[in-house]
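**Q** This is what each chain is made of:
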Amino acid sequence: MLRWRWWLVGMLVIAVIIAAGYFPVLKRHLRLSAQTPAKSEEQVRRELTQPSNASTGGPVGTAKLYWSSGAHDGSLMPVTVDLPLSRDPVVRAKQVLNTLLVGPVDVELRTLPPDAVLLAFYLLPDGTGVADFSEALATATPSGIESEEMAVQSILKTLEANVPQIRWLKILVHGQEVDTLAGHLDLTRTFLVNARAVAMPARPAAATAAADESPKPALKSAPAAAGSATVKSPSPAAKKPAAVPAQKLTPTTPPGKLTPPERKP
Amino acid sequence: MVLDPAHGGTDPGARGTGGIRESEVVLEFAAQVKTALESLGFQVMTTRQGNENPSFDDRSSIANAQRGAIFVTLHVASTGLPGTVRVYVMSDLSASSDASGLIPWDRAQAPFLPLSRRFGDFVQGFLAQRFKGSPNMAQVAAVRQLRTTAAPAIAVEVSSVSVDDRGQLDRMAPGVADAIARGASAFRPSYVVATNPGERP
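Chains as they are written, first to last, in our numbering: chain A, 1 to 265; chain B, 1 to 201.
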């Protein structure tokens, strides 16, 4: 019995000695972790949503990304970046858009806000891509027609250059359709990315304009205000972009009525 | 002429680090454009007179209720080379109507796109003469305000709220007003409006 007690005391002494030896190591770990800056919520989300390049399995290729040219005139400049591009169009779209969001070396040439995150990307069978960005895209893009147009065009041109399967693009903010990007540019529409997108069924002819409007049901009753308008209802001729005659111009269709604006709740 | 000083109310629009607010600057610009247009014989309406913020549709409604209106929405950018001015017209819309011939409200601009482009090029041409570095032709963008406007419609955007002193922007107002008025005057002869509903010109 006495021998058993000596064994127990011995074991406890050894455990205390090991713990005492580990204590400085633990202290150093705590000090190091305290020095590491805390990650913002957006950074953590970006890490979680960003696809791992290693997991794509694709060979390293050259992606063409569109950032500002720096000319202060709203123009964009293509920049080639080596990326392990996936063959899957959805993964590939995420790769190039995430790289576009990270931005160029010169931060002055950014087209999208640094805190914006691509939350999801879908590709519909008709070639319509749906890019869902975090709220920072709407709240942190500089307000203005030029800056908002540059942001959207950088997305469209980057997708056109790298993902040939995408024909149109719908941009969502936090899963929702929004009226404008930052007060000016219309985001209710579906943007044309690439009219020659491969292996996609054709859309109705009216939708093959340079940019396509998301169809919404027309309301049948005209508002009183529109009744007195000089508005012309469109004729088939108005459906195609017509050349502007040299002299007398007029809407090519007889006056008609406007449907009232769609009231959103 | 329907002038639209953009934003207002709770929406200040673009804001500069020096406290410049787009909604206030465009109100001053609109007053000067109105005077310049009236001096050339135009009848002018504005979508807001003070610090209100009508909806996009309410602003369009003012132009859509007029016969033969021309619409100009005024903006100040966050970016761009200070001292330059750009004119935008709506990018292509697929024009469509249903069996009853009604134009969908959300594509009201579609039948007017060629006229808007012509008007925009006139105004941009006059602006380029006065403000060096501005483009020579109107540019195309999916500007929300233009989409529901059933009239020749342009957006004029001045650069920018990033200037140190608001006086720099205010000094541009007479030149912008003159260019818009001259552009409207040059465009007017080519804008023929049918006098009777249903009549083809």
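Possibly wrong hints are sitting among the right ones.
Simulated pairs of lysine to aspartate or glutamate, DMTMM-like, Cα-Cα distance not exceeding 25 Å [to be verified]:
1) A/Lys64 with A/Asp115
2) A/Lys170 with B/Asp57
3) A/Lys170 with A/Asp106
4) B/Lys132 with A/Glu135
5) A/Lys157 with B/Asp164
6) A/Lys27 with A/Asp73
7) B/Lys34 with B/Glu52
8) B/Lys132 with B/Asp57
9) A/Lys157 with A/Asp73
10) A/Lys170 with B/Glu24
11) B/Lys34 with B/Glu24
12) B/Lys132 with A/Glu108
13) B/Lys132 with B/Asp92
14) B/Lys34 with B/Asp92
Here are the computed distance ranges between Cβ atoms for each label pair [claimed, not checked]:
15) A/Ala195 with B/Leu40: 34 to 44 Å
16) B/Asn51 with A/His29: 30 to 40 Å
17) B/Gly50 with A/Val105: 45 to 55 Å
18) A/Met77 with B/Arg67: 38 to 48 Å
Everything labelled a hint here was simulated from the structure, so no lab data went into it.
Cβ coordinates follow ideal geometry from the N, Cα and C atoms, glycine included.
**Q** Does the structure keep A/Lys157 and A/Asp73 at a Cα separation of 25 Å or less?
**A** Within the cut-off at roughly 17 Å; holds.
**Q** Evaluate the given range 34 to 44 Å for the C-beta pair formed by A/Ala195 and B/Leu40.
**A** 42 Å, holds
**Q** A/Lys170 and A/Asp106 were given as a pair; does the straight-line alpha-carbon distance stay at or below 25 Å?
**A** 28 Å, violated
**Q** With a cut-off of 25 Å on the C-alpha distance, tell me whether B/Lys132 and A/Glu135 pass.
**A** This hinted pair is violated, its Cα atoms lying about 37 Å apart.
**Q** Between B/Lys132 and B/Asp57, does the CA-CA distance stay at or below 25 Å?
**A** Between B/Lys132 and B/Asp57 the Cα gap is close to 34 Å, so the pair fails against 25 Å, i.e. violated.
**Q** Do B/Gly50 and A/Val105 keep their Cβ atoms within the hinted range of 45 to 55 Å?
**A** Holds, since B/Gly50 and A/Val105 (Cβ atoms, about 46 Å apart) stay within the stated range.
**Q** For the pair supplied as a hint, B/Lys34 and B/Glu52, confirm whether the alpha-carbon distance does not exceed 25 Å.
**A** With Cα atoms ~18 Å apart, B/Lys34 and B/Glu52 stay inside 25 Å; holds.
**Q** Hint check: A/Lys64 vs A/Asp115, CA-CA at most 25 Å. Holds or violated?
**A** Measuring from Cα to Cα gives roughly 22 Å; hence the hint holds.
**Q** A/Met77 and B/Arg67, beta-carbon distance inside 38 to 48 Å?
**A** 46 Å Cβ-Cβ, so the 38 to 48 Å window holds.
**Q** Given the hint that A/Lys170 pairs with B/Asp57, does the C-alpha gap stay at or below 25 Å?
**A** 22 Å, holds
**Q** When you check the alpha-carbon spacing of B/Lys34 and B/Asp92, does it fall within 25 Å?
**A** Violated, at roughly 29 Å.
**Q** Can the restraint linking B/Lys132 and A/Glu108 be considered satisfied, given a maximum Cα separation of 25 Å?
**A** 23 Å, holds
The structure fails hints 3, 4, 5, 6, 8, 10, 13, 14, 16 (numbered hints given earlier, in ascending order).
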